[in-house]
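Enquirer: These protein sequence lines are chains H and F, in that order.
Here the working numbering is used: position 81 in the first sequence is 81, and no number is missing along the way.
Add 1000 to a position in the second sequence, counting from 1, and you land on the number used in the working numbering.
Check before you lean on any hint, since a few could be wrong.
[As the list claims (entries may be wrong)] A few chain H residues that face chain F, going by a derived Cβ cut-off under 8 Å, partial list only:
(1) L24
(2) L25
(3) K64
(4) Y77
(5) S83
(6) G85
(7) R132
[Said to hold, decoys possible] Derived coverage of chain F by chain H (criterion: at least 3 residues anywhere in the stretch with Cβ under 8 Å from a Cβ of chain H; other residues may be distant):
(8) 1105-1113
(9) 1287-1301
Hints in this document: simulated from the structure, not taken from any laboratory.
Keep in mind it's a predicted model, so treat the numbers as computed, not measured.
Don't be surprised by glycine CBs; every beta carbon is placed ideally from N, CA and C.
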Amino acid sequence: MLDAAVTLPLVLPPTVLGYYLLVLLGRATPFGRVYEWLFGSPLVFTWQAAVVAAFLHAMPLLVKSARAAFESVDHSYERAARSLGASEPLVFARVTLPLARRSILAAAALAFARSLGDFGVTIMLAGNIPGRTQTVAVAIYDAVESGNGALARTLVLVVSAVSLAILWFANRVAARPLGGRAPGTF
Amino acid sequence: MLRAKLRKQFSASPGSAAFSLDLDFSAGLGVTVLFGPSGAGKTLTLDSIAGFARPDEGRILLDDEILFDGAARVCLPPRSRHCGYVFQNYALFPNMTLRKNLEFALHRRPRLERHRRVNQMMERFHLDDIQGRYPHELSGGQKQRCSIARALIGAPRILLLDEPSRGLDAPLRAELYGIIRQVREEYRIPVLLVTHDLDECVELGDEMVVVRDGRGVQTGKPQEVFDRPANVEVAQLLGLHNLLSVEILSLDPGRNVSRVRYEDYELAGPYLPGHLIGDRVWLCIRPRDLTAAPRTGRPGANQIPVSLERVVERVHGLRQEFAGGLAVEGSSISVDEARRVKEWAVEIPAAAMRVL
């Protein structure tokens, strides 16, 4: 059930997810009211909303990969730690997490790249207010729409470069053997 | 002192047959060997003691502490069981140096004490020079020493070793045996060793438990078990030679003799109490109780003609292995003659026959 809920954003069309969030977090909803009461301003159509949108859109990717990473850690290490008297939190902090670290880092990088490129959820939840809630992906759409080819090209090049860099980083991190340092590096 | 009485059922599932473990044994000071073929439930037993597997019912006592009691619903977590476990792949934390690996076992101790005890252990197991290395930078022997040192540093009440010699070459194996002997001398704790290696049983074991299909079939000192296997299954598990399936032809309690038929040969044997004429029984004869001589003419009384298959040179003398599973040890024949002659007559003294 929780697993399905976490995976849902991965399969839903972004605009659908955005619509749900808008309905769930809007000014008139309980959550929206609590938020407004707490922070003095509504959530939707602010940059905070863009963050929420990007986060929710990318999270399933991170959760899924992190889980796979934790599960791929050889259980004998965890058993060894337990038989040496370590409590569960200590096993997690000193053994499981460090051994899964690289995969999680790589997954986080990929999730970040995905959140950068999000369009649908952002535009539904945060709108398109230049300088306030306009993300790169939305800005590119805007620039093309308004015939500003030069700006669109620049942004596209920047986003491509950043994405490639992240991909390169993620691959580099993930390719190393789990845990131990690669031979020859310190 | 460990007392374990375990029962665990696994129902059949796709890819694995039903299996049940039903074992009752104890392990005192010294090395106790759990011997059996793969899939006999040896590792499961070890895991139940360490707390990684939970038996359905039974009791596990270590010294005076109850680690597990099915009826009372006691099941201590692995961290409270004080079992030193040496894993087959050593399970040294790859993200820590050798020193950190040892320190991890003492994470609850004050820093100074930790430092002192790790230094002591490093010295004892000759690890001082390599304490800053990571596991992947260590040789097999170093990993082995480190994993045993790590299991012992927290002063466990028992040391559990899961097939420690699997995949080791001869020198490493010898080194391992040395370490285990050292542990037996220097630590006053039971050592429970799981293996399917016979030499290891004899070499290291003070006691052995033969396990087959989840059941303990025989317990005793390794030499006794080898000399007097409880039944033909044990004898086969131990890879013993000279298992003869014979038919009883006659029994004479008055003169304390019998006559039995092995294949086409009639042999004189001792009186076999508890058996009837016509019964088929298994006889087991120790290789050193047989004598072999090059065959000349017809075989004499209690002699069986056999052809030589191979000659094994061992530390304690020759072993000649013949077709049909007969083997003779300790004859005074020279190696050359033992090899050159192909046809032999093996004499089976009646007194050497033991019924399984």
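Enquirer: None of the hints should be skipped; say for each whether it holds.
Expert: Status of the hints after comparison with the structure:
no.: 1; hint: L24; in the structure: 41 Å, violated
no.: 2; hint: L25; in the structure: 40 Å, violated
no.: 3; hint: K64; in the structure: 23 Å, violated
no.: 4; hint: Y77; in the structure: 5 Å, holds
no.: 5; hint: S83; in the structure: 4 Å, holds
no.: 6; hint: G85; in the structure: 5 Å, holds
no.: 7; hint: R132; in the structure: 44 Å, violated
no.: 8; hint: 1105-1113; in the structure: holds (count 3)
no.: 9; hint: 1287-1301; in the structure: violated (count 0)
When held up to the earlier numbered hints, the structure conflicts with 1, 2, 3, 7, 9 and fits the remainder.
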